[in-house]
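Engineer: Following the hints, position chain B against chain A.
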Amino acid sequence: MSSPEPILEARGLVKKYGQVVALNGADFELYPAEILAIIGDNGAGKSTLIKALSGALQPDEGEIKLGGEEVNFRSPRDARRAGIETVYQDLAVAPALDIASNVFLGRETRRRGPLGAVLRLLDKRGMRREAARHFQDLGIAIQSIGEAVENLSGGQRQGVAVARAAAWARRLVIMDEPTAALGVKETGQVLDLIKRVRERGLPVILISHDMPHVFELADRIHIMRLGRRVAVVTPRTHTMPEAVAIMTGASPTLLDKALTKEDSAE
Amino acid sequence: MRPTATLQLVRRVITAPTVGPFIALVLTMVFFSLKTDRFFQAQNFSLVLQQVMIVGVLAIGQTLVILTAGIDLSVGTVMALGQVIMTKLAVANGVPALWALLLGILTCVAFGVLHGGLVTGVRLPPFIVTLGTLNIAFALTHIISDDLTFTGLPKLEVFWGRTFTISGTDFTYGVVLMLVLYALFWYGLNQTAWGRHVYAVGDNREAARLTGINTNRVLLSVYTLAGLTYGIAAWLLVGRTEVGDPNAGQTTENLDSITAVVLGGTSLFGGRGTIIGTLIGALIVGVFRNGLTLIGVQVIYQYLVTGILVILAVSIDQFAHRRRA
Chain A
1 MSSPEPILEA RGLVKKYGQV VALNGADFEL YPAEILAIIG DNGAGKSTLI
51 KALSGALQPD EGEIKLGGEE VNFRSPRDAR RAGIETVYQD LAVAPALDIA
101 SNVFLGRETR RRGPLGAVLR LLDKRGMRRE AARHFQDLGI AIQSIGEAVE
151 NLSGGQRQGV AVARAAAWAR RLVIMDEPTA ALGVKETGQV LDLIKRVRER
201 GLPVILISHD MPHVFELADR IHIMRLGRRV AVVTPRTHTM PEAVAIMTGA
251 SPTLLDKALT KEDSAE
Chain B
1 MRPTATLQLV RRVITAPTVG PFIALVLTMV FFSLKTDRFF QAQNFSLVLQ
51 QVMIVGVLAI GQTLVILTAG IDLSVGTVMA LGQVIMTKLA VANGVPALWA
101 LLLGILTCVA FGVLHGGLVT GVRLPPFIVT LGTLNIAFAL THIISDDLTF
151 TGLPKLEVFW GRTFTISGTD FTYGVVLMLV LYALFWYGLN QTAWGRHVYA
201 VGDNREAARL TGINTNRVLL SVYTLAGLTY GIAAWLLVGR TEVGDPNAGQ
251 TTENLDSITA VVLGGTSLFG GRGTIIGTLI GALIVGVFRN GLTLIGVQVI
301 YQYLVTGILV ILAVSIDQFA HRRRA
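Which chain is which? The protein sequence lines are A and B, in order.
Take 1 as the starting number for the first sequence in my numbering and just add one per residue.
Take 1 as the starting number for the second sequence in my numbering and just add one per residue.
Derived from the structure by calculation, the hints contain no laboratory data.
These numbers were taken from a predicted model, which means no experiment stands behind them.
Keep in mind that the hints are not guaranteed to be accurate.
Said to hold, decoys possible - In silico negatives: residues of chain A with every beta carbon more than 10 angstroms from chain B:
(1) P32
(2) G83
(3) P114
(4) I142
(5) R200
To be verified - Cβ-Cβ distance ranges computed for the label pairs, FRET-style:
(6) A:S153 with B:L103: 53 to 59 angstroms
(7) A:G183 with B:V176: 43 to 49 angstroms
(8) B:F127 with A:K16: 36 to 42 angstroms
Note that CB positions come from ideal geometry on N, CA and C, so glycine has one too.
The shape of chain A in the complex, shown without the other chains (with noise of 0.2 angstroms):
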């Protein structure tokens, strides 16, 4: 289980709204090929962790370091430039545009030569080979690529947010509920689309709600509280009544537990 290097490591992140402090020094780490969940009750700082570690906030203090260099993300652009990509859980794609589009869109590739350089031409073939090639690898069935992504149910949309994410990503992938406007039988579609993006080799940031997927599928569970780290679990070593009770706070028992179980099993 333990890697040597994490590939994002975040050491005493603090934020602070005026009065309310969303994170009090949280620490962080990422290892290679795991599905990481952060889990916490509303308010425990996740989505804030998330937004420093995704560019789209400042820490006021603390450090990130991605492959074990210090980085200082001013935006979402910047952290995508490293290598970070974001899926978001309301479906952030241009539902009129077909698949391909959407999965290059904002990183167009041009015609080689003049016609890509002077007149400016999309190679509409390269990059619907290529999307096709992205969701060929995920092994997402699709009928035609070229087909606009509003005629695709929810599931399948939300794929193509997780496709677009994993093409791009060259250092991990961030999924902030991905599965919450979906139903049952697209969740299911969407999970399995998160363990086959680990199974190439990246690693994912994945927040939820939902215990049960959770559990399903997490390598190891960062527990979010009044804005730190105060566990890190795993669904081998706790159960889920015992990971909620850390997070509500309800048991400083468990809390020892876990950090005795995590640092035997490391």
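Structural biologist: Showing chain B alone in chain A's frame:
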């Protein structure tokens, strides 16, 4: 061909966004051909094209704006202002023709930049912004022209009204320019990343922003290019009328450009539509006005009919939108 491939081809043709508008155009033409002998004649078609050219070019800019889920109510008045400036400068102020022309077009571009700046910078709704500039441009047109008309225009400014003949039928160069503009904007919208971004911004602005598209820059480019098309339309208008008239282009052009876009199948909700559809929509508007005139319908009733037409087209759009949602 395999049966599924054939089926797919048939499906693609039937669901192509320009098919509906095209059928509407054909039906309109059939209707007027049955009503009057004077309609289906080459010379009349040439006239329709000349009438369509102004609205057709304005509708290009309007299409860009509507694709981003905006609307421009000021198109006709901004064009009128550009037209008055280019003609007054040349005739009354003795400015060289090229400079007068460029300053007129630049005025329209400046209005586009203003629209884009207010929509992106101050985050005002396009409807309010362009309702404001509709009045501003209207007032400026009358203040600057002093309600005078300008005649005796330089050759450069009336160039697009000149004609050439193909097998006995006259065509203006302006019609050719309109078609060239449609081709250029078709290319931009369909074959470049910029075009994808225009659609994406109108379709789901937040998603576009999250993928790293600079949505404000896209919007600014759209409004600026729209301003440019109004400036070119002003030049075409001067070429067609050979006079700088403060009362020209202010009444029907605003609504007609929107009607053309909507009849052409572009959604007022943004993100969906085609530039070729707009050309067909502009032709429908032109054929309607021409046909109604030929069968002797008074001008005031033409307003009535086009008003109903645009509400009908928007209703269809609304219906389709609800079905998608």
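Engineer: Okay, which hints does this one fail, numbers in order?
Structural biologist: Hint 7 contradicted; others consistent.
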